[in-house]
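Residue numbers (our numbering), protein chains in the order written: chain A, 1312 to 1629; chain B, 3 to 246.
Just so you know, the hints here were simulated from the structure itself, not pulled from any lab data. Backbone N, C-alpha and C define an ideal beta-carbon position, used for all residues, glycine too. One or more of the hints may lead you astray.
[Unchecked claim] Pairs of lysine-lysine, DSS-like flavour, derived with a Cα cap of 30 Å:
no.	chain 1	residue 1	chain 2	residue 2
1	B	LYS220	A	LYS1486
2	B	LYS193	A	LYS1486
3	A	LYS1486	B	LYS86
[Unchecked claim] Not close to chain B: a few residues of chain A, all C-beta gaps over 10 Å, as computed:
no.	residue
4	VAL1416
5	TYR1433
6	GLN1447
7	ALA1456
8	ARG1535
9	GLY1605
10	VAL1614
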Amino acid sequence: MARRMPEEGRVFVQSESELAAISMVMGAALTGARAMTTSSSPGVSLMQEGISYLCGCELPAVIANVVRGGPGLGNIMAAQSDYFQAVKGGGHGDYRLLVLAPASVQEMYDFAYLAFDAAFAYRNPVMILSDGLIGQMMEPVAFRAPQHLRIAGVNYDASSWALTGAMGRPPRSIKSLLLGDGVLEAHNRTLQEKYQRMSAQVRYEALQTEDAEHIFVAYGICARICQGALARLRGEGLRVGLLRPITLWPFPSAWLRAHAAQLRHIMAVELSCGQMVEDVRLAVGDTTRVAFHGRCGGGVMTVDELCAEARRVFTQEH
Amino acid sequence: MHYTRPTALQDVATHYCAGCGHGVAHRLIAEVVDELGIRERTLAVAPVGCAVLAYDYWNFDVTEAAHGRAPAVATGMRRCNPDKVVFTYQGDGDLAAIGAGEIVNAANRGELISVFFINNATYGMTGGQMAPTTMLHQRTTTSPRGRETRAEGWPMKVVEMLAQLDGTAYAVRCALDTPKNIRAARAAIKKAFEVQLAGQGLAIVELLSACPVGWGMKPVEAIKAMAGTMTAQFPLGVVKQREK
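Throw the hints in and build the complete structure from the sequences for me.
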């Protein structure tokens, strides 16, 4: 980006910190520019301040987090342990990000379009939550706008709300400080209504779920590993499927609720000690048994390991 | 001198305490914005602190930044909008403590922004705690025995520090106490905008300002106390002026 952005007549700034980076994004977004920043877990922790402000001010922006192991400095191996931070709101206040989870290098590219579409459609930050494996792997990529993914009719013209200079109009202020009696509560209600509308953007991929008795629920690199396990387990006669959430928020809870009764087992598979699994359990309640298989701290399950665990869990009687 | 309300200032009463320098600083900036004819292309970043409500007083586009982050927000605004005039308005807790990293690096990059830095030697809004610029022996709620170097360090000389950076084109300290000093402050504010318009680098104007409530003084007493005590620790004048 340092090389390409100036060639395209655009702006690239190397910031001194993630605190500054997200604030620079906010400054650009305030003027209606399409702005993004990217970091890996510890840096994204620093960005939580600015993300909360972006949400409070209803500004569009894209943040990419290529997740590494934690907590603390952790390590630089792949992990999915920032799910809670991304999905539940890592900063202060009641807010939501639309969170996209690419599972291939192609989706890393494609979701950038979708992320900006959603950011401007809802004037809200969007996070691309990836991991250190997807973020570093090499795969063929087709560089063309993914029309099938895009949100129709998004208005990128920010002139009706952005800070563009008070020329021929009254001055504008964009802020999140709302001190008047009841004003902040009303603002929060408006935000919640927007998040309700954003829930229409839920996206997922259901693989071989039509006749499935057992499913994996996995996103990002884990979904790829589950696909490997799926082929093998099907060959052994187990009717296994995969639900791959593409949006982590909004989460495909409705799909899970609708299919829970037909499923004997659900297994959430994550590179964490169990984060997304909580949303799976919230979705299905006591209807279906929800198991969890996770690796953490940079560990990654193999297909063999996952198959062994799946055979053990999926053959258990209730 | 203007004796009418500048166009760049809204016709409203401010919430500032008697003797506070914010109202004077707001007006000086508004006068200069009018004089330079830049009101319709000015974008300002208000701080966290008493002056967060500056967007209710100025008659141009204003946003607010998280505490200390104004220079980074201004960087994003200015870099994406080279035709606009961008300034930050920050207090000492904002700029010199929590936002020290942002101002130092914005200055070092030579960002084309103007920075108006209100130094009242205390955190005014939160009840008068010690700031990086609190003077030696000054009593605050968090230095109740007076600031001592051994425990609390020295008052931070911000413009002298930023003047060391090559990206800083203009660094000056003024005081909002006497008519003479206020006139000098107005000239410095104008220069800070001109430096930005000429694309020379970051310009910072430190404005010494009274905080009678934070200092536990009456308004007139506080303003009078600035000469001598405050200016002895924070000498007035141009620290740096790079012509290109």
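For each hint, the structure was consulted:
1. B:LYS220 to A:LYS1486: violated, 33 Å
2. B:LYS193 to A:LYS1486: It holds: about 29 Å lies between the C-alpha atoms, which stays within 30 Å.
3. A:LYS1486 to B:LYS86: holds, 20 Å
4. VAL1416: Nearest chain B Cβ is 29 Å from VAL1416 of chain A, so the label holds.
5. TYR1433: holds, 20 Å
6. GLN1447: Non-interface label stands for GLN1447 of chain A: nearest chain B Cβ at 28 Å, farther than 10 Å.
7. ALA1456: holds, 23 Å
8. ARG1535: holds, 36 Å
9. GLY1605: Nearest chain B Cβ is 34 Å from GLY1605 of chain A, so the label holds.
10. VAL1614: Nearest chain B Cβ is 44 Å from VAL1614 of chain A, so the label holds.
Violated hint: 1 only; the structure is consistent with all others.
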